[in-house]
Each structure stands twice: as C-alpha cells, then as structure tokens.
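> Take a look at the letters that make up each chain.
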Amino acid sequence: MLFNESVMMALKALIANKLRSILTMLGIIIGVGAVIAMVSIGMGVRKNVQDSIASLGSNMLIVQAGAPRVNGVRQAAGSGENLKLDDSDAIKKKIKNIDYVAPSVQKSYQVVNGNQNWNTTVYGITSEYMAIRSLTVNSGSFLTENDITTRARVAVIGATVASNLFGSTNPVGKNIRINNDPYKIIGVLENKGQSAMGQDQDDCVLIPVTTAMERLMALTSIRTINVQVSSAEKIDQVQSEIETLLRQRHRIENPVNDDFQVRNLTSIMETMTSTTTMITMLLGSIAAISLIVGGIGIMNIMMVSVTERTREIGIRKALGATFNNVMMQFLIESIVVSVIGGLIGIVVGCASAMAISKFGGFNTVITLEPILLSFFFSVGIGLFFGIYPARKAAKLDPIEALRYE
Amino acid sequence: MTIDLEGIKKIYQIGTQEVAALNGIDLHIKQGEFAALMGPSGSGKSTLMNILGCLDRPTVGSYKLDGKEVAYLGDDDLAKTRNKKIGFVFQNFNLLSRISALDNVALPLVYAGKSRRERAERAYHFLKAVGLDTRANHQPNELSGGQRQRVAIARALVNDPSIIMADEPTGNLDTKSTTEIMKIFIDLHEQGKTIILVTHEPEIAACASRQLLVRDGVITRDAGRGEKMDVV
Ligand SMILES: Nc1ncnc2c1ncn2[C@@H]1O[C@H](COP(=O)(O)OP(=O)(O)O)[C@@H](O)[C@H]1O
Ligand SMILES: [Mg+2]
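Chains A and B, in that order, are what the protein sequence lines are. Residues in the first sequence are numbered consecutively from 1, following UniProt numbering. Residues in the second sequence are numbered consecutively from 1, following UniProt numbering.
What the hints contain is simulated information worked out from the structure, not anything from laboratory work. As the structure is a prediction and not an experimental result, all values here were calculated from the model. Certain hints may be false.
Each computed BS3-like pair below joins lysine-lysine, with the alpha-carbon atoms no more than 25 angstroms apart [what the hints assert, rightly or not]:
1) 9/B - 30/B
2) 395/A - 30/B
3) 47/A - 192/A
4) 68/B - 30/B
5) 85/B - 395/A
6) 80/B - 392/A
7) 114/B - 12/A
8) 80/B - 395/A
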C-alpha cells in the first residue's frame, strides 16, 4: 500500500520538475540506448560473418595448398605448390560421403573487350563449382566437363563484368581477351549482389581450371579444393580421410610437415562467431560505462533533491513517517527515474539501431537479451545510486529538518 | 491520556559549553486539560514541546505517556507514537506546498497505513470540521494564513490523537484569524481533547484551563484558569 503511495509521490515529484527529471534520465537513456545500439551492431557483424560463411555452402571442407600457418607463421617448409589436380581427382574417387569436389585457382587480370577493360578476378574452376556455390546462369550455359578436358578458351562472366564490358548488350557468344588471349563467353551468371561481407559477388570471370592452369596462369598446382560432404556428421571423418590420403600421396610421415591444410567451415564459423561475440560484448560494456555515469547523475540529483526537500522530510517524519517510509519514498523515486529512463532508452536504442542499419550501412540485429539486460541494469543502478541519498534523507532528525530554511 | 514528566533535562553541547535548555521539569497533565505554556523567548518552551510531542528525547528524566515510558524510544517507535497519539500544530504551519489541503490533512493516515478511501473520507471530515471543506483541493499557497493553520489543525486531528500540541499556533496570524483558531481549540477542549499550547499572549493563555510559566528551563508558576500571570 505504501509502495503504491510512494510510486505516486515519486511520479508527482518528477512531473513537478519536468526539465530536471529529463536531464537526470538522460544519462540512463543514453546508456541504455548505447548498449542496445552497440550490441545490435555487434550482432549484425556476427550475422554477416555467419551468413557469408553459410553462403559458401553447408558441410564444406576447404583444402588449401601450403603448410598451415599459426599466427602468420608457416609451420612447415615448402613452396605450397604441391596440391595438384590429381589430388582433387583422388579425393573424388577414393573418399566416400562426398557430394562435390571443386578444385580452383584464382588470379586478378585485366579483362578486355574492344576498348573497354575491367580489372577482375579470374577463377579456374570445374563444373562442380557451380553446384557448390549454388550459381545459376542467367543466359547462355555453364562450363561443361568437356570444356575442362579440352582446356577450352571459354568463360562464364559475372553480371558486373558483363555490364562493364558490354553495357546492355548480351555478351553471350562474344569474345573477351584475358592476358591477350581470346575467350568465348558462353554464359552470364545470375545477379548475386553483394556478399554479406560487402564483396561484389558478380565481379568474376570463370574459366575451366585446366585452361587457367596451363594456358593462362602457367601453374602446375592448384590453390584450393572445395569439398562438400554429404552430411554434417561425416565432416570430421571425411576431413581426416582427406588428410590421410593427401599425406600418403605427398609422402608425408609427420603431420607437422603437412604441405596442405584442410579447414572445416563449421569450425571456422565457430571461431568467427566467438570472436564477434567478444567484440559485441566489448562494445556493450563500453556502452554500459555510460550507464554507470548515468547512475552517478541520478545520485547527484537525488542528493540535491534530499537537501531541497529537507523540510518536507521533517514534516513527514513529524507526522509519523518511519526510517523505512522515507527511505522507500526516495529509493522509489530514483528507481522510477531509472525505469522511465530505461524504457525511453530502449525506444531510443532500438530506433537508432534501425536508423544505423537504414542509413549507416551497417547491418544491425536487435535481440531481447541486451534490452532486458540493460533495462534491469539501469534499474539496479537506480537502486544502487539511490541508496545513499535515500539513507541520508531517512536518517534526518525531524527537529533539525523542520528548522531547515 | 496522561502525561507525567519527572526531572526532565535537555542539555545542548555547544563547543565545550553546556547549555541547559530544560533544567529539571516535573509536570503532570491530566486527560482533558487545556494547558498554556508561557514564558520569555529562549526559556525552553519549544524544547519542552518537542519532547512532549515525541519529536525529541530528553538528556535525562522520565516521560510517561499514558503510563508508558517514551523518553528513550528508538526513532521508529517515536515516529509511531507521534503518528498515533499526538497531533502537532506548528507556528509556521508546516504544510507540504505541492499537494492539496485534503492530501495534507490525510498525510498522517498514509503513515498509519489506512486505505485510500478511509484517508479521503476522514481528511474530508476534519477539513469540514475546521470549515474548509470547500477548499479541499486548494494547495496551501492558495490559502490565507488562518486557513493554512486550520488545515494544519485538521491534520493534527485526523488520526484521532489523545493530545494536541500547538507551538505558538497564532504567532504568524492576524487578530481575526487568531480568534478563529482559538475558537477551534476551545471547542476541541470542550469535546474533551487534551491540549498543550505555547503562547506569548495572556489573552490566549486565559482561554486555557491551566497556565504554566517556563523560565530558564524550569516551570516557575503553575496556575488555574483566569489567574493573571506575569510573563516577563
Ligand atoms: N539545537 C539546539 N542547539 C543548541 N541550543 C539550542 C538548540 N535548540 C534550542 N537551543 C537553546 O535552548 C534554549 C531554549 O530554546 P527554545 O526551547 O527554542 O526556547 P523558546 O521556544 O522558549 O523560545 C535556547 O537558549 C536555545 O538557544
Ligand atoms: Mg519557541
């Protein structure tokens, strides 16, 4: 009963001092808002990372040439040129539970059509690449097995390359020059837009891996083999089978001397997720500091309020208010400030998170946890920083308080 | 509803000096008495009233209210005693400025834990008793001094206390308001309330059934109604 009474009194006191109440709340509003906005940015980054890894396909293993690096230090000697197309074929033939095996090489080139030119990345791939990356052709056709075996000079180009070299005309059937050699365009890829990481996925030229290695880049080894495993449970098993197979083929006895590296996208995703979670928490806790500053603001105003209302406290005590009555009145007042501030902060935080994703070019993800957490944190702060002023008020001697001018 | 004071002393320590605001008060006040405390300024009247009103504790001595020792109760017990048994009227009214007359009157009932409805009903009843029912929703600053003091009296009465204490209740009022206020006190006395009132004016003291003269922290005279007392 006295609780309701105290809430009413607190609300009345706040309304009586509107400007001051708002200024007091501002600290909490900014604090809660900042926590929500910051965490939403962090969560947005995390979602981007997860999406972009997921867009590479599910159940993916990536075999990379070169010894594994730990903190940028290569762990074994070797040129990193030991991964061959034969290795890729061997994986495909000898290992079960695999849907696709897609070897690839890549390099940047200037691609030319007449007097138009464009710098892009040229990928040497096989037809399975399309399935793994879920690519579709908009017009024309994709590379075939035959193109691979005959080392054909044919290319499938992305929409960005198409528009930059050919404008609005259909490039299918036309020729482009890569490194001064002509390639016939047999297809244009469906528009994929930006990747979650902000990379233009349509800025690419795909040619047969054999053509790329032998005719264009003069390579004998490949860079990457993407392997799609048929089910998630088999990933670890397939990974170790590939490792064993490649060591056997490369005559490596000790895994320390590996000249390749098999990476599991799921585990990469886990690492990335935990990294971005840490970034999110860091952002959130920096924002939370402003919540504490807001709490100190509340304490400051409550101290002023107690001094200003010394007489009121004296009157209430003279009429029978106990220590707890007065304590409760002031404590509830500071909690009401922080609750209202917290609620406004939630609105402000969510609104700015949306504004950031709309105008700021960041993806933001608003989740319930930071909202609840920062809200209850702000209420706790109201409570914590309200205790001292409230105690001060409650301990006032009624006679002294009544005599106060 | 009796008051028994025995050997009450209140000593203030100012630096190294001790000032005895009250220096041995023995006083017995019976149910239904109307006592007027008189005395020069600084003689200790307010100090005595504060102790009688359970706002303050004596340094030494015994204070029995209704036979129960209250001199050394803890803060909260004193607060509860004030709330239940004592109605205090101050010289400067001491109303809360931001709430209505009705809410001011109802304030002791908040701390007595009464329901909202009961508070409103009783507060209204006592505002009516002091003739201010039409001003229930006015804030104190919209009322005259005399009206404010009547609100304060209604507030002192609202929790049905045994004793009404008034420390110079007419000290800030004009003659007309003073007459109105004193009429209320006389009525209350006739209804059987115990009243203790501090005043400087012999005419006001003459309304009381008993007159006490305080000087230098001791009671130097104790007289019945109508006896003339030399204040100075
Ligand atoms: N809080 C205090 N600290 C020190 N001295 C006080 C205090 N309160 C009252 N006194 C002293 O006690 C004496 C009695 O004061 P008071 O009871 O207010 O007198 P009265 O009400 O009769 O004018 C005065 O000398 C005053 O200075
Ligand atoms: Mg006085």
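> It remains to establish, for every hint, whether it holds in the given structure.
For each hint, the structure was consulted:
1. Of the supplied pair hints, the one linking residue 9/B and residue 30/B holds, its CA atoms being roughly 21 angstroms apart against a limit of 25 angstroms.
2. Only pairs whose Cα atoms come within 25 angstroms are accepted, and residue 395/A paired with residue 30/B is rejected, the gap being roughly 34 angstroms.
3. Annotation: proposed proximity of residue 47/A to residue 192/A holds, straight-line Cα distance about 18 angstroms (limit 25 angstroms).
4. With a CA separation close to 14 angstroms, the supplied pair residue 68/B and residue 30/B stays within the 25 angstroms bound.
5. A C-alpha spacing of about 22 angstroms is found between residue 85/B and residue 395/A, which places the hinted pair at or below 25 angstroms, so the restraint holds.
6. Our distance criterion of 25 angstroms between C-alpha atoms is met by residue 80/B and residue 392/A, whose separation comes to about 20 angstroms.
7. The straight-line distance between the Cα atoms of residue 114/B and residue 12/A is roughly 20 angstroms, inside the 25 angstroms bound, and the hint therefore holds.
8. For the hint pairing residue 80/B with residue 395/A, the CA-to-CA distance comes to about 16 angstroms; that is within 25 angstroms, so the pair holds.
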